[in-house]
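Line by line, the protein sequences give chains A and B.
Numbers given in our numbering equal positions in the first sequence, counted from 1, plus 158.
Numbers given in our numbering equal positions in the second sequence, counted from 1, plus 23.
Hint data in this document are derived by calculation from the structure and do not stem from the laboratory.
There may be inaccurate statements among the hints.
As the list claims (entries may be wrong) - Subject to a maximum C-alpha distance of 25 Å in a straight line, what follows is the list of computed DSS-like cross-link-like pairs (lysine-lysine): (1) A:Lys423 <-> A:Lys497; (2) A:Lys181 <-> A:Lys497; (3) A:Lys407 <-> A:Lys581; (4) B:Lys251 <-> B:Lys357; (5) B:Lys251 <-> A:Lys306; (6) A:Lys306 <-> B:Lys281; (7) B:Lys203 <-> B:Lys62; (8) A:Lys186 <-> B:Lys251; (9) A:Lys423 <-> A:Lys502; (10) A:Lys504 <-> B:Lys357; (11) A:Lys481 <-> A:Lys439; (12) B:Lys203 <-> B:Lys225.
As the list claims (entries may be wrong) - If the Cβ cut is set under 7 Å, some of the chain A residues that face chain B in the computed set are: (13) Lys186; (14) Gly190; (15) Ser298; (16) Leu300; (17) Ser318; (18) Pro320.
Every residue, glycine too, gets a C-beta built ideally from N, C-alpha and C.
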Amino acid sequence: MSEIQMPRLSDTMEEGVISTWVKNVGDKVASGDVLVEIETDKAVMEYEAYEDGFLVKQSVSEGETVPIGAVIGVIADSPDAVPEESGDGGAEAGPEPAKEEQAEKAEEIQEAARGTEAEKPSEAPAPPPGGEEAPRPRTSPLARRLAKEYGLDINRIQGSGPKGRIVRADIEAARERGVEEAAPAARAKEEAKPAAEKAVSAPAFDDGRDSEELRVSNVRKVIARRLTESKQTVPHFYLRRTIDAEALKAFRAQINEQLSSTGVKVSFNDLIVKASATALKLHPAVNTSWVDDKLLQHHRINVGVAVAVDAGLVVPVLHDTDKATLSEISTNTRELAGKARDGKLKPQEMSGGTFSVSNLGMFGVDSFSAVINPPEAAILAVGAMRQEPVVVDGEVVARNRISLELSVDHRAVDGAVGAAFLKDLAEILEEPMRILL
Amino acid sequence: MSVITYRQALRDTLRAEMVRDENVLVMGEEIGVFEGSYKITEGLLKEFGPRRVKDTPIAEEGFVGSAIGAAMLGLRPVVELMTINFSLIAIDQIINHAAKIYGMFGGQTSVPMVIRTPGGGGQQLGATHSQNIELFYSFIPGLKVLAPSTPAEASEMLRAAIRDDDPVLFLENLGLYNSKGEVADDYAEPSNDNVATIGRAKVTREGSDITLIGYSRMAMVANQVAEKLAEEDIDVEVVDLRSLRPLDRQTFVDSVRKTGAAVICEDDWLTYGIGAEIAASIQEGAFDYLDAPVRRVAMAEVPMPYAKPLETAALPSVESISTAIKETLSAVGKRVG
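Bound conformation, chain A alone:
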């Protein structure tokens, strides 16, 4: 018999919500079967069984939130096994079992003993309730030692072993990926956290507003934390520019005519995402991160696209946006947005961004100032396209125009550098053939 614990499914996860139990009590479970869907701070993820047996207990019901490490269910060798609260293997037989029962009893004892050998549930007790600190991740001693040796923050590494245990293979993989770059970002975030939390103390009950407290999703909590952190620790400055969208409109029409047989339809946002990648290539100084007194130059250009979903705001990332074709960007964005709406985005589909685009044009917003998505150095806010009177060749004519506003982290990027980037971005959008260069 072994206990299933709330796994750590993302780097920033501290607790999880049981979204759906895929297996019911009494169901046969094979290693690799999806047991339960868990809502983390980022997405709803499937969690698989690591062993064969029967699900004999669901300790946490759907909709409930528990911290990492809390027991959420029990798997046993027999569907009739009665889970014990203590989780003790009970390897010792009682006094003198009756003769005819001995063989049977012995088998049970052996099974139980094997259970305790393989996975001792007591080895990682549930974290103390109400603690501020995230629970210690499940790791093998070897993994812990190697992480220390390599200077890796083990809290940033996801485990692939049983119940999410971090093993040597995970450390070696993290070392290759270079997780140490990300580690300082985590620290900066942790430091920012207490201040952020102080700011939202004392809910205003009993003061005539007739308030009730709503259930807050994990996604909502992460938005609150990350954006507070951004606004409080990142010195934003804003650059505005309105572009003439006539050429862009014609370009889009032409492209979509070409693509009409394929079913792909490129949106204005897709064009702006691609143009941003092209401009970032020209201005690598914007494709950077200021993290813990260090300036990181990113060699990959990964543009995130803000998507509003029922649970809140998520930003799926298009990796290597500069290398993707327009139809790829269009298809991928649609697919990721669909996944985001279904809460099925995987953590890797939401991480690694180096720049973001947020578009509220569809709501008729003229222009707005976006909050930077750390550790990125800039975010582009895109307003609605509208016809405006402008002077062209000494005459007032109606032209389609789009307002752009770039929010920039002044620690990483100075005003002139940001302005030069925005200038090129605007010019690319006004001569959209350059998008393809």
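Based on the hints, put chain B in the right spot on chain A.
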């Protein structure tokens, strides 16, 4: 090099030691006229006569006690207990006398005796004749407990046991007597001084994925497991403990430090068994090198059943050990079939 059985290696070495040193004598039940239940004393009565090859009554406490007295007075008795199960009748002599005399009497006399005895199940001898209770003796300071797994080791270690000045429990195994292996050509020569160092384990097969630890019959099975898993590209390192007291922790700890994972296989029972001591020593010596929990594969926690299928099921097997290894490797990200 020649290939002989474990039984032959013991018999010939015993004879050679009797030729070499006239103080060596053998005693036990049915060892003279009948030449031993397992034929380890074959031909010895004819060659050395009844003064040095003593058939004893069925009275273990008595003849083990006599052997202790003989050893205190300068002889080197080699006692055969027909199975380790019968040592229970002599356990007070072994634990409270043989093991204690040297220390309790200020080193005035040592007790240079050997108790040869086979343990092990698998022969359909029933619950009282199939036990692996070497743990009882491995637990006792003042005793040495040796457990060779091959004919060559049986020879070198029996020689060491007879020449050692302390009481040695020399563990044989019913399942090993007919196993074969290479021995040096002069293994049966009285002049052979190739004496095993007592208290040394041995890496009998090098590997990098996982350490598999066993002794006696289980060391033999461990090597079979390693060979089988090699076909599946799993590289198992095998450690044969060889000596249960003194226990050579360094050798298996070093191995686990290299591989990061360990499985222990033992013919005795899991709870409080030899494997528990090994597992504890591994976490003491190699904690920061462990990538997975240490697993133990042991006999079922039952008195040994008589029925063949049940007896087979109760004992650890190549299959059950292989499964434990694969599960452990799977837990450290080495996905295996």
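Hints, one by one, checked against the model:
| no. | hint | in the structure |
| --- | --- | --- |
| 1 | A:Lys423 <-> A:Lys497 | holds, 18 Å |
| 2 | A:Lys181 <-> A:Lys497 | holds, 23 Å |
| 3 | A:Lys407 <-> A:Lys581 | holds, 19 Å |
| 4 | B:Lys251 <-> B:Lys357 | holds, 17 Å |
| 5 | B:Lys251 <-> A:Lys306 | violated, 36 Å |
| 6 | A:Lys306 <-> B:Lys281 | holds, 18 Å |
| 7 | B:Lys203 <-> B:Lys62 | holds, 16 Å |
| 8 | A:Lys186 <-> B:Lys251 | violated, 31 Å |
| 9 | A:Lys423 <-> A:Lys502 | holds, 23 Å |
| 10 | A:Lys504 <-> B:Lys357 | holds, 24 Å |
| 11 | A:Lys481 <-> A:Lys439 | holds, 10 Å |
| 12 | B:Lys203 <-> B:Lys225 | holds, 19 Å |
| 13 | Lys186 | violated, 19 Å |
| 14 | Gly190 | violated, 11 Å |
| 15 | Ser298 | holds, 4 Å |
| 16 | Leu300 | holds, 4 Å |
| 17 | Ser318 | holds, 6 Å |
| 18 | Pro320 | holds, 5 Å |
In summary, the structure is inconsistent with hints 5, 8, 13, 14 from the numbered list given earlier, while agreeing with the others.
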